[in-house]
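Trainee: Residue-level listing of the chains:
Protein chains: 2
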Amino acid sequence: MTAMRHALLAFAVAATIAVPAIAADGAQPPKRKSAQEIIDAAPASAWRSLDPANTLYMELPSGRVVIELAPGFAPEHVANIKAMAKGGFWDGLTIYRSQDNFVVQFGDPDGEEAGKAKPYPAGTRTHLPAEFTRSDKGVRFDRLPDVDGWAPQVGFADGMPAARDPKTGKLWMAHCYGVLGAGRNSAPDSSIGAELYVVIGQAPRALDHQLTVVGRVVKGMELLSVTPRGPAPMGFYEKPEQRAPIVSIKLASEVPEAQRTPLQLLRTDSQAFIDATEARRNRVDDFYTQPAGHIDLCNVSLPVRPAP
Amino acid sequence: MTAMRHALLAFAVAATIAVPAIAADGAQPPKRKSAQEIIDAAPASAWRSLDPANTLYMELPSGRVVIELAPGFAPEHVANIKAMAKGGFWDGLTIYRSQDNFVVQFGDPDGEEAGKAKPYPAGTRTHLPAEFTRSDKGVRFDRLPDVDGWAPQVGFADGMPAARDPKTGKLWMAHCYGVLGAGRNSAPDSSIGAELYVVIGQAPRALDHQLTVVGRVVKGMELLSVTPRGPAPMGFYEKPEQRAPIVSIKLASEVPEAQRTPLQLLRTDSQAFIDATEARRNRVDDFYTQPAGHIDLCNVSLPVRPAP
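Note that the protein sequences, when read in sequence, are chains F and L.
Numbering follows UniProt numbering, in which position 211 of the first sequence is assigned residue number 211; successive positions increment by one, without gaps.
Numbering follows UniProt numbering, in which position 286 of the second sequence is assigned residue number 286; successive positions increment by one, without gaps.
Treat the hints with care, since some could be wrong.
For each label pair, taking beta carbons as the anchor points, the in silico distance ranges come out as [to be verified]:
1. L/Asp286 x F/Gln242: 40 to 46 Å
2. L/Pro228 x F/Ser253: 29 to 35 Å
3. F/Ala232 x L/Pro43: 18 to 24 Å
4. F/Pro152 x L/Pro166: 36 to 42 Å
5. L/Pro166 x F/Ser190: 43 to 49 Å
6. F/Pro306 x L/Pro245: 29 to 35 Å
The set of hints was computed from the structure by calculation and includes no laboratory data.
The structure displayed is predicted, hence computed values, not measured ones.
Beta carbons: idealized from backbone N, C-alpha and C, even for Gly.
Extracted from the complex, chain F is given alone in its bound form:
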């Protein structure tokens, strides 16, 4: 690989963390560890396994998108999504909207037209409460020390990017890239998890705690983010044949074990995660010479790996 290519590789990979700068024998100080080095060296206990009962497989013609659900944040919506997945609701439905620097959205494009709407599977509830926030009581919140313009505190809960207001005791998921939310009408309690969107651009944090967020994409995001964009203003395809087909959405636990995608995620309370985040927050290496001293919630990498 050429020097430019290698350096441009450095461009995205090598965040570092400081290690002691003075070696006992006066030799050159050891190189700072990069975020990737820290992640690679993390002990087994720093990783948690994705729970198949809490995982969706969205099969597109181009491959599988793996989604971790967030029942702690949206228990009723997640239960309803599981019921719909078990009933094959999205099988044969479509991605009917793709708006650049905003969202892709999928479900039943005819969902509100009597006579055309696909029937919901048995067990689907057709009305749910809004689940915009949850109580922070008893919830482990792995807080980031960094300032955030949108919320008093930011960090991670249940492995999800989240924000918290200690004054109200409320916690909610942040609309970071890759997060999955439930489309609704104007009424706060008008989503049921049948229409879903995924963030494909700059985090629209103004949506935080105003929609029910239900999970995040942990693998296969690159299959969604390239969905051809629909026309302005909103990215809804004008012609039905433009819609991108969904082969199926299934719960991983309903898929034969041999066909699953076993993944592990770095625990957000692990020392490796804390250290890797710091390595990115204050990245110094051959390419980056000025540590930023800050990281935004939605810039924090949430590492995923195939289960060993």
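With the hints as your guide, set chain L onto chain F.
Mentor: This is chain L only, laid out in the frame that chain F set:
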């Protein structure tokens, strides 16, 4: 259009600004103006025309990407890019890297291999100084009041998203979605504007003032953002045939007038821009009931329209 679809339209469009709430005759207060309404009502003087001498047309098989260059921020790189465009340097070259939630990158994938590298056009300088920041003296900085974790001040200069440190008197472009920068090696002065990248995900602000930023995409971003992603870790395509072809990159002023794309951009010092940004900062309508009270630099919309 169905109710859900209409509401989901509201999901992305209708940011509002407060207007006086008491009507003289006791009638219901007028509806708040949305950001789009404010933009639509802006006077002609609130718009500036894109300068063809400062605009690149990147022709892809799928259509034209229009890029406004930022000579105020990177005069030497921009001059060099213009020389290369005039010489047809990128014609027939490729997008050779596409990394999800990060960048697409293009130029000569063989650029550092003697014997394979495409010769630079006459007038191309093969060494330039780093242009990571500029002096803020005499530069109109349209400041946002919002806090930013990466810089003491954020706002707009020359219509570009930017950040500023009043202590050092430095100003630099921010790596927002759609911004165009110059790829380099480890040496700060190793970019010449031949290898270029565009941000296609969550703004990687940690790159600010560490690379030379040269402009931003004002139209056609949706053509770049769907570029199929290359493999981990960096998104460089492994096989040459995977690279996405660039038909040409030309200066708009070198293109016959009848073939140009005349655009106007809303001035960032206009009342309409200030009001539209406030309408998004504190959006309240049928769908959004909780004004955020904050907007991030890279969430601020920079409106573009066809020249009337």
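Trainee: A separate judgement is required for each hint: does it hold in the structure or not?
Mentor: Going down the list of hints, with the structure as the test:
1. Taken as a hint, the range 40 to 46 Å is violated for the pair L/Asp286 and F/Gln242, whose Cβ atoms sit roughly 28 Å apart.
2. Taken as a hint, the range 29 to 35 Å holds for the pair L/Pro228 and F/Ser253, whose Cβ atoms sit roughly 31 Å apart.
3. With their beta carbons about 23 Å apart, F/Ala232 and L/Pro43 fall inside the hinted range of 18 to 24 Å.
4. Between F/Pro152 and L/Pro166 the beta carbons are some 26 Å apart, a value that contradicts the proposed interval 36 to 42 Å.
5. For L/Pro166 and F/Ser190, the hinted distance range of 43 to 49 Å is satisfied, since their beta carbons lie about 47 Å from each other.
6. Between F/Pro306 and L/Pro245 the beta carbons are some 33 Å apart, a value that agrees with the proposed interval 29 to 35 Å.
Checked against the numbered hints above, the structure breaks hints 1, 4 and satisfies the rest.
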